[in-house]
Structure formats: structure tokens, C-alpha cells
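Enquirer: As a plain string of letters, each chain reads:
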Amino acid sequence: MDGTNAMTSRLGAVSTGSALELRGVTKMFGALAAISDVTLTVRPGERRAVLGSNGAGKTTLFNCVTGDFLPTSGTIRLFGEDVTTFPAHERIRRGLRRTYQISLLFTGLSVADNVYLACRGVSRGRFSLLRPRRGDPLLTRSAELVEAVRLTAARDRLVSELSYGQQRQLEIALALAGAPRFILFDEPAAGLSPTERAELVAILTGLPSHIGFIIIEHDMDVALRVAESVTMMHNGRVFKEGTPAEIETDPEVQELYLGGGHG
Amino acid sequence: MADITKSRTDTPTLWVERVHPAVWALGLVMLFMPAFANGFWLFQVFGWTFILGMIALSLMFLAGYGGMVSLIQMTVAALGGYGVAILGPSGVAQISLGLPWWLYVPLAIAIAALFATLVGALAVRTEGIYTIMITLAMASAFFYFTRQNYGIFNGYSGFNLVVPPQLFGVDWRQPVPFYYLTLGCAALAYAAVVYVARSPFGLALQGTRDNPRRMAALGFNVTAHRIAAYTFAGAIAAVGGILLVWQNAQIAPGTAGLPAVFDILVIAVVGGLRRPSGAFVGAFIYVLLRTFSPDVLTAFGLSNERFKMLIGFGFLAMVVFSPDGVLGLWDRWRARAGRRDPLTGKERG
Chain A
1 MDGTNAMTSR LGAVSTGSAL ELRGVTKMFG ALAAISDVTL TVRPGERRAV LGSNGAGKTT
61 LFNCVTGDFL PTSGTIRLFG EDVTTFPAHE RIRRGLRRTY QISLLFTGLS VADNVYLACR
121 GVSRGRFSLL RPRRGDPLLT RSAELVEAVR LTAARDRLVS ELSYGQQRQL EIALALAGAP
181 RFILFDEPAA GLSPTERAEL VAILTGLPSH IGFIIIEHDM DVALRVAESV TMMHNGRVFK
241 EGTPAEIETD PEVQELYLGG GHG
Chain B
1 MADITKSRTD TPTLWVERVH PAVWALGLVM LFMPAFANGF WLFQVFGWTF ILGMIALSLM
61 FLAGYGGMVS LIQMTVAALG GYGVAILGPS GVAQISLGLP WWLYVPLAIA IAALFATLVG
121 ALAVRTEGIY TIMITLAMAS AFFYFTRQNY GIFNGYSGFN LVVPPQLFGV DWRQPVPFYY
181 LTLGCAALAY AAVVYVARSP FGLALQGTRD NPRRMAALGF NVTAHRIAAY TFAGAIAAVG
241 GILLVWQNAQ IAPGTAGLPA VFDILVIAVV GGLRRPSGAF VGAFIYVLLR TFSPDVLTAF
301 GLSNERFKML IGFGFLAMVV FSPDGVLGLW DRWRARAGRR DPLTGKERG
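Note that the protein sequences, when read in sequence, are chains A and B. Reading the first sequence from the start, the letters are residues 1 to 263 in my numbering. Reading the second sequence from the start, the letters are residues 1 to 349 in my numbering.
Hints are computed from structural coordinates only; laboratory data are not their basis. One thing to keep in mind: the hints can contain errors.
Every beta carbon over 10 angstroms from chain B, so not counted as near; a handful from chain A, in silico [what the hints assert, rightly or not]: (1) Glu-21; (2) Met-28; (3) Asp-68; (4) Ser-73; (5) Ala-153; (6) Ser-163; (7) Tyr-164; (8) Gly-165; (9) Pro-208; (10) Ile-211; (11) Asp-221; (12) Leu-224; (13) Glu-248; (14) Pro-251.
Across the chosen pairs, the derived CB separations fall in these ranges [claimed, not checked]: (15) B:Ala-37 <-> A:Gln-101: 52 to 62 angstroms; (16) B:Arg-334 <-> A:Leu-130: 30 to 40 angstroms; (17) A:Glu-147 <-> B:Val-170: 50 to 60 angstroms; (18) A:Thr-72 <-> B:Leu-118: 28 to 38 angstroms; (19) A:Thr-195 <-> B:Arg-332: 34 to 44 angstroms; (20) B:Leu-118 <-> A:Phe-29: 27 to 37 angstroms; (21) B:Leu-310 <-> A:Glu-147: 37 to 47 angstroms; (22) A:Thr-85 <-> B:Gly-27: 50 to 60 angstroms; (23) B:Ser-140 <-> A:Asn-235: 47 to 57 angstroms.
Treat the numbers as computed from the prediction; the structure is a model and nothing was measured. C-beta: ideal position from N, C-alpha, C; glycine also.
Could you put together the complete structure from these sequences and hints?
Expert: In C-alpha cells form, the structure reads like this:
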């Protein structure tokens, strides 16, 4: 992980004090603006929840930040560096991570191999033709990550054989590989049982404090317990920003998103 | 999947202990084959099996691990063969450069691998059927180019008298030396693929097969990985192509004609794309059919050209009944046998 530390210090020089900074980001699909003119700043280590109904543009926002899509206009800065036109893998190598709403895992490989690949993706030797030796630091690190998301018992099983909840846990392990500095969690609690949700909250709140994240979550219990600030999105625009308490009590938000039923 | 992850942390075992006894037995039989097989079998049947197996292995690597069905592998092999014919000595003295073997063999492999890389660079931007189409188009273009180009490829007639160098005073085209030469190369290529499949590069390639988008989100350059896979597979195909030229002592455009291009696909699919051994199983079946079906057909009063029909039916049957090839049939038979009671032969609940 020496390479990443070197990268951290190199980037530290150009850092302007924000982990993620979006300015006027717009993404059009044909004539439809999935997100329009989104401006958003997240400090390093800050934990932000992004709320909004279906179609509010939350996942499109993530896709623009990770580089799955290029925005139609606007700029995206990651730790001060303009990454607007960078390919996804270059952003990941700068400390950005994400999880997917629908698990995107390597179903033909084992749990251990999935995590090992994630660790390898952000370090040197991605093209190495030599098998890792016993005691390879990345193997040790992947074993720790498998342990951290409580999958040690399933480490040699193929991902296609895992339960849904286990796949969600593995999804998080992949995002924690390497030296993440900022993570985008896309509905990590979707489809989890109440017990699994409690474990998820424990994993998220237990993250080292220098790791900031944005979490998209429909489950308000999860979202408001792990986040210190909230951004509400509506029809592709930023609608409100504030602390969880402010958002929860905001009459406009209640009317728009929480609805009467939530009281 | 071979499970190496287990062996990394559990009680340490030597790699020799993890090889199945049947594999050792097969290896011994292969090693001592010249003691009980005649020259025809050694040179024509086994030599050809190993050669075609290597070319099909290069396709298996791309398709099985990378999810990229490339029809360029036979062309890459032929370019390797043309490489030794043009750079080394041949019967066409006005073109062939007659370089020493230690120069023309690596050069031929390098040129073929470079060509595979360039084809890969174009092909990896496409998916599925488009990859097949673009590689087929390039294979076709290569065939017509070699047939019409007389300055380098000597056009329709190609090159004759292309033989392996007399290394260590051995005539490597004699059945026994040629058998060991092809066996050695095939074993090395097989071992290389098995080893690389579990290396970071091989794992990453399988990752791009399962989920290219996630691979990018883990920091991998998916395009670069796929192109590198073409280079690796191209080098293996080139070695097969060089051996093929040495076996036939000649090369002409027909070596990489479309029938030959499709034969490699048939071999790889019939054998099974999931494991490297499938390529050699498929090649053995193909060579047996090619070698012996004419006799069988003429015995039934049919034209011996009809062997293509037999191969075609075999391919059709395989695609319908066992899309994962002969190895897939074998796996299912083993799984069923494992559920049977060894005494009564009945399936267990």
C-alpha cells in the first residue's frame, strides 16, 4: 500500500480541502436531464446521505462521480484534482470507491478471489503473470477484509453460491480494498434483513474516521444513523441540504418525500 | 475452478500431491508413447493433436477466461508459421532470409504476438457476436492478402521445404523427436495457461469476463487487460503455427483459410471451453476423425470428402447436447456416478 500513500501525499499538495466537489454537473439522456446543475461539496471524512424518491437522479450522480458516464456539463473534483474526464479506473486509483445497488460481483470466482482482485486493482502488479506467494501482503489484506465483513466461513465458495445478504457484504468488502478515501454506497441496505441492517450500520459507523462517504439509502433508520449531513434530491436537482435533524423536521421535505404517513 | 486459495493458508501441501493420480498416469503414458506407438501415430496423430490443441488452447484462454470468442487464432498461428518460413531458410530462396534459428524462432513468435495485439486492440472494443465478426473479417483479409501478395508471402504457392533446425544433431521431423518436440511445447503451453489463470493477470481477465464494469470500478484498465490477453494467447498460437509448418514442411494461404479458422473454433467448443485440457481433447477427437473417417466412409461407399459432414454433425450434436463440450459431458457423468451407490448402481436419494 506504499504506492497509495505516496499518491496521497502527492495529491495532498493540490488538495483544496474538499474530498468531492461537484460544480454544475448535468447529465442528459437525450432530452431528459437525469441530473441538472448539481453543485455539492463534501469534506474529507464527512459522511453524507443522499435522499430522494426514485428517479431523483441519485444513482446517475454516483455514475458521473465514478466515471461510468461522463457528465454532459459541469466539473467534478476529487481531493482537489479535476477528474471530470478521467476513466473510472483512474478515479479508483485516487482513492474513490463505490458499491452498487444491484451487486456487481465476479460470480465465477470465489469470495477470496473477488476480494484479492479488489486489492490488486489499486496496487501495482495488476498485469503480473506470477501467482501470489504465501504471505503476500495483499493476500493477508484480503483475508482481513473478508473477516471484516464477516464472510470468513464462505471465503472459498463461489460468489454464485452466496446468499443475497452475503453478496451485499462482499460488495462492501470490495469497496474497502486498498486505501479508500471516499466511498459511494448505493443502497447498501436494500433487501437486507433487520439483523443484517444492524450489522451494516455497525460496519459503516466502524469505518476509520478519515474515510468519508456518500450513502444513498431509502431506509431512513440506516441513513440518518450513519450520516452527519443530508442532501435531498428531487427531479435531478439538489433540493435541500442540512443536518439529519433539520431535514427530518423540514416541512417541505416531509411533504415531498416522507409523506403524510411517516408523520 | 482449481482451488489454489485453499492451499495458500491450510496445511501446506506440495503441488505434486495435489495432482490427481490419473493425471500422473496420463503423463507417464504420454512420456513412453514412442515405446508402443508407430511413427504414423506419433507424427501424424499425436503431433497434429498437440499442435491443433495449442492453437485451440489460445482460443480457450480468450473465450473461457476472457469471454472473447476470437476467430483470429488460426491466422496468428499461420503468421508465426510464415514468420519462420520468411525469416529462416526455405525452398523459396529469393524471399527467405535464412537467419539462424535462435533469431527467426523468437522473431516469428514476437511478430505473431504483435499482430495478435493489434487485432486485439480493435476487437476488444466490441462484444459477443461483433467480436466474432471483426476477427473473422481480419482472418479473411489475411487469407486473401497472403494469396495475392508475392513479395513477402509468395502468393498462392507459399513456402516449401520449411523444416525445423538440426539442433543437437537431431532431425526433429523424425516421428520420435517430433513427438517429443510437440509434446514438450504443448505441455509448456498448457502449464503456462493453468498457471497464469490463477495469477493476478489471469484472475483479472476472469473478472473482466464476469463483470467489466466492476473491474473498472476496482481500478483495473479493462481494455488493456483484454488486449494483453490477445498478446498472451497470440504467443501460444504462434508456437503452434510454427510447429504446424515444420510438420507439413510447407505453408500456403490455405493454412489459414476459413475452413481452418472454423476448425479451431469447432475443436475448442467440442473439447469444452471451461478448462485448458478441453482444447487437447477436442483436437484429439478432430484429428481421429480427420485421419480415420475417410477409410470408414469409403468402406460404406461414400466419398471420403464427407468427413466434413461427420465433423459438422459432431459439432451440432455437441452444441445441442453439451454446450460445455466433452469435458462437460465427463463432469456430468462423474457427478452422476458420485451419487450412485457403488454396490447397487442405483442413484442415491
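Enquirer: Work down the list of hints and note, for each, if the structure agrees.
Expert: We went through each hint and held it up to the structure:
1. Glu-21: For A:Glu-21, whose nearest Cβ neighbour in chain B is about 20 angstroms away, the distance exceeds 10 angstroms, so it holds.
2. Met-28: Label holds. Min Cβ-Cβ 21 angstroms, cutoff 10 angstroms.
3. Asp-68: With a cut-off of 10 angstroms, A:Asp-68 comes too close to chain B, as the shortest Cβ separation is near 7 angstroms.
4. Ser-73: Since the minimum Cβ distance to chain B is about 23 angstroms, A:Ser-73 lies beyond 10 angstroms and the statement holds.
5. Ala-153: holds (14 angstroms)
6. Ser-163: At roughly 19 angstroms from the nearest Cβ of chain B, A:Ser-163 sits farther out than 10 angstroms, so the non-interface label holds.
7. Tyr-164: holds (17 angstroms)
8. Gly-165: holds (19 angstroms)
9. Pro-208: holds (19 angstroms)
10. Ile-211: Its Cβ never comes within 10 angstroms of chain B, the nearest being 16 angstroms, so this holds.
11. Asp-221: About 27 angstroms separates A:Asp-221 from the closest Cβ of chain B, which puts it past 10 angstroms; holds.
12. Leu-224: With a cut-off of 10 angstroms, A:Leu-224 remains clear of chain B, as the shortest Cβ separation is near 27 angstroms.
13. Glu-248: Check passes; 32 angstroms lies beyond 10 angstroms.
14. Pro-251: holds (38 angstroms)
15. B:Ala-37 <-> A:Gln-101: 52 to 62 angstroms: holds (59 angstroms)
16. B:Arg-334 <-> A:Leu-130: 30 to 40 angstroms: holds (32 angstroms)
17. A:Glu-147 <-> B:Val-170: 50 to 60 angstroms: holds (56 angstroms)
18. A:Thr-72 <-> B:Leu-118: 28 to 38 angstroms: 34 angstroms Cβ-Cβ, so the 28 to 38 angstroms window holds.
19. A:Thr-195 <-> B:Arg-332: 34 to 44 angstroms: holds (38 angstroms)
20. B:Leu-118 <-> A:Phe-29: 27 to 37 angstroms: Check passed, 35 angstroms falls within 27 to 37 angstroms.
21. B:Leu-310 <-> A:Glu-147: 37 to 47 angstroms: Violated, since B:Leu-310 and A:Glu-147 (Cβ atoms, about 56 angstroms apart) do not stay within the stated range.
22. A:Thr-85 <-> B:Gly-27: 50 to 60 angstroms: holds (53 angstroms)
23. B:Ser-140 <-> A:Asn-235: 47 to 57 angstroms: holds (52 angstroms)
Of the hints listed earlier, those the structure fails to meet are numbers 3, 21, in rising order.
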